[in-house]
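Trainee: Line by line, the protein sequences are chains V and A.
In terms of our numbering, the first sequence is residues 1 to 266.
In terms of our numbering, the second sequence is residues 1 to 304.
Source of the hints: derived by calculation from the structure; they are not laboratory data.
Check before you lean on any hint, since a few could be wrong.
[Claimed, not checked] Some chain V residues well away from chain A (every beta-carbon gap over 12 Å; in silico): (1) Thr37; (2) Phe62; (3) Asp207.
[What the hints assert, rightly or not] Derived contacts from chain V toward chain A, CB cut-off under 10 Å, selection only: (4) Pro8; (5) Ala16; (6) Asn24; (7) Tyr92; (8) Asp101; (9) Leu108; (10) Ala109; (11) Thr141; (12) Ser148.
Note that the coordinates shown come from a computational prediction; the quantities given were computed from them, not determined experimentally.
Using N, Cα and C, we set each Cβ at its ideal position, and we do this for glycine too.
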Amino acid sequence: MSTLRHVPEPLSAAGAMRVITLRNYTTYKRYWKLFATGFLEPVFYLFSIGIGVGQLIDSFEFNGQQVSYAAFVAPAMLATSAFNGALLDSTYNVFFKLKYDKLYDQMLATPLTTADVARSEILWGQLRGAVYGAAFLLVMTAMGLVQSWWAVLALPAAVLIGFAFSAVCMGLTTFMKSFQDFDKITLAQLPMFLFSATFFPVSAYGDGLLRWVVEVTPLYRGVVLCRELTTGALSWASAWSVVYLVVMGLLGLLLVRRRLDTLLLT
Amino acid sequence: MISARGLRKSFGDFEAVKGIDVEVRRGEAFGFLGPNGAGKSSTMRMIAAVSPVSGGELRILGMDPAVDGPAIRARLGVCPQEDTLDNELNVFDNLYIYGRYFGIDRATCRERSEELLEFAQLTEKAKARVEDLSGGMKRRLTIARSLINRPDLLLLDEPTTGLDPQARHVLWDQLFRLKHAGVTLVITTHYMDEAEQLCDRLVVMDKGLIAAEGSPRELIAQHSTREVAELRFGVGEHDGLAERILDLGQRVEVLPDRLLVYSDDGEEVLSQVHTRGLQPLATLVRRSSLEDVFLRLTGRTLVD
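One chain only, chain A, in its complex shape (with noise of 0.2 Å):
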């Protein structure tokens, strides 16, 4: 579905992305992950074929973005980061009207609109103006209106940022059924456990460059351990404490508010810790999560 080869972007001086090769399959849900400025949303903008490729070469479902953009737009849905609703119509009309942009019918817009409606749990709010949605709502019919033409290719930019836990659950319920239905899904996101539940297969980018790329579960193994013993001690005692447990687990990684040692066995490091003497004032066990190949691949965490 998209084939790119040493893909690059820059603005002026500055080079957003510097030289990507990256494969989409039909079919599958495929994830950017990184931090802000890792140069995922250039990406995604160069594959909506609204952005203009500045080195390399790129193909969305067989097609050179630079001659046939609107061809290509024709069969992509997409989601941007913010949600870009137009706020002089209403609810309905997001959907009707956009759906017009695509050359679709009048008789199919409306029914697609009305199917659409209920997709987003919206129907009740087909004639409310779009300001007086909620967050989630905005979010829900942003997507809706990314499916008006049944787009072969969906792109998400941050899907669920700013979305309470509930409506982010709504909306992975949402994506996964259009996963089913054999949509493919690319989507940008810098939560970590939102990448585990919804993608197949992603890349970690770091600065412009792609850091790995595999499964969530592959990228676990490769980089990370089974488990990981959180500790958290007193303010400023961090940076002193890590040398004396370092020998403790395969790697420890010092943030500012706990150390984190990564073995197969957390529990043990744990007695270990304690056998040494020390007194941790909070401790955790828990598994290797993406957010921990993260750390180790970009060394960095996501809060930014």
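The following block holds chain V by itself, in its conformation from the complex (with noise of 0.2 Å):
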């Protein structure tokens, strides 16, 4: 049964990314605009809020430490829009592809697997949010919000933000069956985007129960670590927060993983 003819081993699990990344931004070309409005998006938001708003605001102490309004609110947009991003790409995207464009089915009939397409779909929101990360922390740097040397390490912060978020979100949209689902998502989106501390600090909520609430959900987790690095004010919840987002990832991957594998390989 076996042929003279060569035929290239089935690609590694690194050269799996590397083809579907290929074949992504080959086809992102096309939308360099829409490219462009995620990076605007976060910006808007500091000029508005963050400066705008921030001039009726006195300076305030967050983790012992004096920060402007402004240098309050940015790292936390630089966090939201790790999430917001993350949620589109891996929401109405990835349910295009899959239900409408079928193109995980035309990946599968290759030697590719679930988890390299899972994987690659992933790490592409993410290239996607690191740029949009990076391009918004020099306006940070360049606005003089940024306090610290810590801050180097909140765009990978903002990567994880958006590693966690997209795995989980893509699990969840493997579930939805038409458009209308999102719905659900949006749902979700507002109010942790408004209520996550990202405009004010999480100790308004008081001691009791809504604080605790607040703080185990994983944008605040997000949005803390990202205003702890940017302002050098580092405490134990960065730590936990680095966890929390990695488990929330990997879990979210897994979920992918065996979605696509009971949705695709039917």
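Using the hints, put the two chains back together into the complex; each one sits in its own frame.
Mentor: Printed below as a string of structure tokens:
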């Protein structure tokens, strides 16, 4: 049964990620305008609320350090833009590829596997997110909103936030039946964006149950992580946040792979 | 190339494939024939190593799809029933990037993509968007794409469904060329003429089982007569008239719109019909085809 012809070995995990990324990059060249809007969103928020509204607010204390309101809001915008970007990419875009474009069916007819597809799609979202994050950090630095060298780590932190949300949301997307189901995502997205200590400190919730609820939500962990890094006021909360987000992302990745198996390899 | 023993596929309570034995040899064109829902596509998906086997044994190129899925798929070409092209890539990139999924290096991929564009007669459309192609062009591109890895085994699920007659002939010609080049073809179709043209051997599937197996000619010889006389009478008259001509052929099939009389001499049947004072609105004598075999075996025409 063997042939003399040379058949290339199926790609390694890294090789598969590279070719699927090549595919995504090739398609994306057409959509560079979309790329620009993704960058501008957090910048607009920073200018309108951080700096605009911030003029009405005195500087205040964060983890024992004095920070201006703009310097308080800016890292939250870094975190939430990673969050919003990840959501957009891993819900609408993935749903479209899964149900309408049948893109993953095409890939799975080749030696690629569902694990390759899951990893690569999530990687793609993070590559995009990293470019946005880096650009936003530069804006923050230029405006004097970065107070510590720890801020260098805010970029990987933003990517980590994106990874955690991409993985989980892509997993959830595999359960969606129609575009109407995405209302549920929006329903969770907006309150998380507004109430994860993005625009005001978590102490505003008092010391009760509400504060505890906010503190265990993933976006809050991300916001605090970025804020501690750009202000340099690090605490153990950062370590917890990193562990939290890594675990969340890995669980999501596992879910995605399982779900792609059940959906596509029937 | 393919060997299946007691192969089964179930989806929950529903059994799509109920235990089939199939043997496909190197270099032949093998067909799965059957109406919609016969289990052809489920079988094809198992052979393509994208659908786990529910029971029985399946070996593709000597390997077990449950263990060696990627290694099997590396040597398969798959042309699915619906054109699943990458709509976000242009025509050339659809070939090039797909080739890269197989781990084929850049230069080889580029070279083969050019060749395949030529083969699919799409060289002028290289930079076009997939959405702008006609149905026939998309089909040719899908087939070209399935050849990017120079497969040993090419799986074609309903390759010409939805194509106009001219496009079908172009495609058949291309499939003949591949066969001559030594590629093993596995085809599902519900077009009898296609199966007769393309397949060396075929199985007729019905309700998840194999109803018959052989070359098109063997099947016709075994399950039908040499000729068929088709008689069309007025609306609603067919059932009643069938009884009056039952003895004229070896078998009479009553369809909603006509009667089929199976006999080795169709002209003789016609003259007998006239002698008995019956006046059909239209008549036709033709050779038996796979369609008749199919009708005999499944009790159904293929129009569904």
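Trainee: Going through the numbered hints above, which ones does this structure break? Give me the numbers in ascending order.
Mentor: 7, 11, 12
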